[in-house]
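There are 2 protein chains.
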Amino acid sequence: LSFETGQRDVLGRIGVFETKSGKLETPALFPVVNPLAQEIPPRVMFEKLGSKALITNAYLIRRQAGDTGVHDIHDFLDFPGIVATDSGAYQMLRYGEVEVGSAEIIDYQQSIRTDIGVILDVPTGSRASRTRAMETVNETIRRADEARKVIKNRDIAWVGPIQGGLYPDLVAHSAREMAKRGFDIYALGSPTEVMEQYLFADLVDMILAAKMNLPFSTPLHLFGAGHPFMFSLAVALGCDLFDSAAYILYARRGRYLTQAGTLHLGQMEYFPCKCNTCASTSPDKVRSLPVAERTRLLAEHNLLACFQEIETIKESIVEGRLWELVEIRCRSHPRLLEAFQRTQKHRAEVACCAPSTKRKGILFFDSTSLQRPEYVMHLERLLGDYVPPREARVLVLAPVMTHRPGDESSDILVGMTKAGKGAHVCLYSPPYGLVPSELQDTFPFSQTETLEEPDPEILKVMAKAVQSYLAKNRTYRAVVLVRSDRGWHVRYAGMCKSVCTKLRVRFSSVTDKEISSGLTGTAAKGKRYLGKNTKGKPVKRRE
Amino acid sequence: LSFETGQRDVLGRIGVFETKSGKLETPALFPVVNPLAQEIPPRVMFEKLGSKALITNAYLIRRQAGDTGVHDIHDFLDFPGIVATDSGAYQMLRYGEVEVGSAEIIDYQQSIRTDIGVILDVPTGSRASRTRAMETVNETIRRADEARKVIKNRDIAWVGPIQGGLYPDLVAHSAREMAKRGFDIYALGSPTEVMEQYLFADLVDMILAAKMNLPFSTPLHLFGAGHPFMFSLAVALGCDLFDSAAYILYARRGRYLTQAGTLHLGQMEYFPCKCNTCASTSPDKVRSLPVAERTRLLAEHNLLACFQEIETIKESIVEGRLWELVEIRCRSHPRLLEAFQRTQKHRAEVACCAPSTKRKGILFFDSTSLQRPEYVMHLERLLGDYVPPREARVLVLAPVMTHRPGDESSDILVGMTKAGKGAHVCLYSPPYGLVPSELQDTFPFSQTETLEEPDPEILKVMAKAVQSYLAKNRTYRAVVLVRSDRGWHVRYAGMCKSVCTKLRVRFSSVTDKEISSGLTGTAAKGKRYLGKNTKGKPVKRRE
Chain V
29 LSFETGQRDV LGRIGVFETK SGKLETPALF PVVNPLAQEI PPRVMFEKLG SKALITNAYL
89 IRRQAGDTGV HDIHDFLDFP GIVATDSGAY QMLRYGEVEV GSAEIIDYQQ SIRTDIGVIL
149 DVPTGSRASR TRAMETVNET IRRADEARKV IKNRDIAWVG PIQGGLYPDL VAHSAREMAK
209 RGFDIYALGS PTEVMEQYLF ADLVDMILAA KMNLPFSTPL HLFGAGHPFM FSLAVALGCD
269 LFDSAAYILY ARRGRYLTQA GTLHLGQMEY FPCKCNTCAS TSPDKVRSLP VAERTRLLAE
329 HNLLACFQEI ETIKESIVEG RLWELVEIRC RSHPRLLEAF QRTQKHRAEV ACCAPSTKRK
389 GILFFDSTSL QRPEYVMHLE RLLGDYVPPR EARVLVLAPV MTHRPGDESS DILVGMTKAG
449 KGAHVCLYSP PYGLVPSELQ DTFPFSQTET LEEPDPEILK VMAKAVQSYL AKNRTYRAVV
509 LVRSDRGWHV RYAGMCKSVC TKLRVRFSSV TDKEISSGLT GTAAKGKRYL GKNTKGKPVK
569 RRE
Chain E
29 LSFETGQRDV LGRIGVFETK SGKLETPALF PVVNPLAQEI PPRVMFEKLG SKALITNAYL
89 IRRQAGDTGV HDIHDFLDFP GIVATDSGAY QMLRYGEVEV GSAEIIDYQQ SIRTDIGVIL
149 DVPTGSRASR TRAMETVNET IRRADEARKV IKNRDIAWVG PIQGGLYPDL VAHSAREMAK
209 RGFDIYALGS PTEVMEQYLF ADLVDMILAA KMNLPFSTPL HLFGAGHPFM FSLAVALGCD
269 LFDSAAYILY ARRGRYLTQA GTLHLGQMEY FPCKCNTCAS TSPDKVRSLP VAERTRLLAE
329 HNLLACFQEI ETIKESIVEG RLWELVEIRC RSHPRLLEAF QRTQKHRAEV ACCAPSTKRK
389 GILFFDSTSL QRPEYVMHLE RLLGDYVPPR EARVLVLAPV MTHRPGDESS DILVGMTKAG
449 KGAHVCLYSP PYGLVPSELQ DTFPFSQTET LEEPDPEILK VMAKAVQSYL AKNRTYRAVV
509 LVRSDRGWHV RYAGMCKSVC TKLRVRFSSV TDKEISSGLT GTAAKGKRYL GKNTKGKPVK
569 RRE
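Chains as they are written, first to last, in our numbering: chain V, 29 to 571; chain E, 29 to 571.
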């Protein structure tokens, strides 16, 4: 049993979890398989659909087959991959108490040679009062202690469920307590209602409450993860494993899953998919099939759609584009966008755990991108550790050249203002309000691709950064802002002026044309403020 | 030759174009096929990849095979589907003049029995001066007149190219002139640079300039449409046909196309795709293949990715979700989001041509969704044709009940304010600033799903609608706004108050709790304004 992680992005990572039946690459999805009746035979899942693992229910098997009816769960299901077994906790949630003890079900999972076993937890659900939620947390912890006494097979990976439901502080407490007890996998109990009613914003709070209180070196499983359109968000927040019955539950109701939502077979005319199942048929043909066959085909497609999303997520991690993927997926449903916005609340936690450099640049869209870990970290560093040059007295804010006619090269300015001692050139370029020119080649500043016209929210955040920077570094006596005639340059200059007025820092702005003409310009203004003999030589305009 | 259109969304539609070699469902993509050397044999394209049509180059065939070497282009290519032939205009753009006359190449296309032929136009390119662009437009029109004299085979569909490049007014002129000449298909010449440098925002202007000046009953082709991530935007703006060589050009450079971007095979670890090609192999294996084999596999995947996007677009039209798809795809690259924002400029044109109802609700995200045709039309109708009830003197603005505890039901209010004559109840619910309650069940108001917390931009637009509405309908003497304690309700009340102050309309707000208690409340306030004896009965709170 081991878990090794490799490439990372945001809180997501690619990992390899080793079980007694082989290695499982994470993020991974365990399709939920009914032990007693399967629309897709587990062997077909393994061989045709590429499912390396599944999860089934030890409680239901035992109820059906008795204590000694099953010797090896792999043989019983005819599945050569990795088998995880749930303990019956879900049944408990749905039907009340189950007639099995906590120790019993652990023994049973050991006897059927499962690869991954779950202790019998007490799911919190989403309608529990705080008192009841606390009880479920404590009872689960008590059973974890009990379980540890009964567990003999150390070649089985044991899952420690985290409860607490919609109370993040209880989830955090649960995570800390379970972590002390040393499980091979931690699993966040996600109330069915959270998934069914798309309460993804609450799920964000829950996942992070768990993640931040668990060892990063252990995989985190999200119970009942449902629809593939929320997998990327969950992975970005640190989930490594999922189980989902959505593929079959949706199929039974004639629903067709895509990476962006759910379609109704009854109304479809085209399959927007080139998987083996879809490529050779059409919605019309599938509709005309007997119900069992139709359900099987839909389930196969749905499962492939889930696996495809997992592959998409993994490749996004490799590319350093997981955040971009989440931004895209969150446009699948307003509830998902709300969940994405909720990450704003946790941006500091997310940013500090995310990788601080990557080999690819970042695509920055609009104000929704302001939560990006790379951007949050940039601000953190600028307003935290960064110390400006000791002699800096005039902050020269210069735009980054965008290779558009009419924009001045920042190179010219850098060269020019070197003449004026005390001048400190910082660059601005959306979404960055200022970046010290000595850091202009660092990540993520040099590798950000964004819109040429920042939206008002971005401009506001940029000016806010200048304000915080000046408030922190009181050595600057004046700000000189260089701008072109472009609309947003003019607006930004106005905003920076207000900031300076508020902080009682002198402000002036100069256009790139004035600099080119060399008559007025930065150096001259710098001179006035600094009282030094800086030269106002004409600067050659680069064509 | 016929073109019939069926389901529509935004300016996109599903259609069937009939050629002498069969029917082609649109939107459709013609893969560009080199007539002299193909990485994927055309028959494989047809049988294995499902390509019903392709486009090749009549000029290159003639140069190679001479005037009489090819009797039927279908046999020559071994392609049983629909063949379109280009005339050499692209070669002209790239290599200067071509050694073939305008009449000659039409004759030649007729002789090889093409299904869709293009007259020899003069591409504008993207570096042309305005004068040069005008010349290309005029010369293309002149050649169109010339062509009409040479065209004998009326079973061939003839394409009339629209030129004008980056000058929308010239594109519009070109479209109007070509439309007079009655072609079977119109095709917008899209400068290669527009595609290569991702100048999609300019492309939006070009497409709409053409579309709005062409008969909607004729298909519109976009030349050289490139990457699949921009297909949905082009379809939403009215393009029916595309040709693209991207699948093979990208494959030759080891590039892997997805619906959201381009990956480099050299750096990939997972294929985020379940197509026939990808499902059975891995990036590692494909990298180890001989270059020709590798290119072929990549080209096959790329082409399937393009076709999959076409199917996705078609199904989106069926579902009435094309706009949502475009919103998602525009998050693939900042240049695409800029293009999407550019549609704002054209929102009135787009909205008036888009279907005004649909069977599905709309998903409304944030301020980027404000351009939605359904929303634009709603505002248009509200501030245009709509006439409030004659006796309306007090505008009661009530929130829509969201089934959340704490929010009052608008039903209660509707019932209650009926008591006060002259009270006109309008509802508010993001993104709608006000909707007359008598219209509350109409599309799109009743079918909009959005975020529970509108962003500041949305609130601003909502208050703006109230302002325009009050400015237009001067019969209201007062506004009574009902709100809960929720943050955005309070902010919205403040904004509406400012609006009223500006317009000198009396304003008061009342909380839902006050209404429930029945002591103060709408009726009482209404009474004060109206001077009528309205009753302030306690209203039962619905649980």
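I should point out that these hints are in silico values taken from the structure, not numbers from a laboratory.
On a predicted model such as this, the values are computed, not experimentally measured, just so you know.
Check each hint, because a few of them may be wrong.
Any copy will do: because identical chains look the same in the list, a pair fits if it lies in one copy or spans two.
[Said to hold, decoys possible] Think about it this way: if two alpha-carbon atoms lie no more than 25 Å apart in a straight line, the pair counts; the simulated SDA-like pairs of lysine to any residue are:
hint	residue 1	residue 2
1	K388	R280
2	K386	T290
3	K76	D513
4	K51	E163
5	K313	A93
6	K76	K313
7	K525	L479
8	K525	P464
9	K76	T385
Okay, the hints, checked on the actual structure:
1. In this assembly of identical chains, the alpha carbons of K388 and R280 lie at most 25 Å apart only when taken from different copies (22 Å versus 42 Å within one copy).
2. For a Cα distance limit of 25 Å, the shortest separation of K386 from T290 across copies, 18 Å, qualifies, whereas the shortest one inside one copy, 34 Å, does not.
3. In this assembly of identical chains, K76 and D513 lie within 25 Å of each other by CA distance neither inside one copy nor across copies; the values are 61 Å within and 55 Å between.
4. In this homomeric assembly, K51 and E163 never come within 25 Å of each other (Cα to Cα): the closest approach is 36 Å inside a single copy and 67 Å across copies.
5. For the homomeric pair K313 and A93, neither the shortest alpha-carbon distance inside one copy (39 Å) nor that between copies (44 Å) is at most 25 Å.
6. Taking identical chains as interchangeable, the C-alpha atoms of K76 and K313 lie at most 25 Å apart whether they share a chain (21 Å) or sit on different chains (19 Å).
7. Taking the shortest Cα distances, K525 and L479 sit within 25 Å of each other inside one copy (24 Å), while across copies they are farther apart (35 Å).
8. Taking the closest pair of Cα atoms, K525 and P464 come within 25 Å of each other only inside a single copy of the chain (19 Å); across copies the shortest separation is 44 Å, beyond that limit.
9. In this homomeric assembly, K76 and T385 never come within 25 Å of each other (Cα to Cα): the closest approach is 38 Å inside a single copy and 43 Å across copies.
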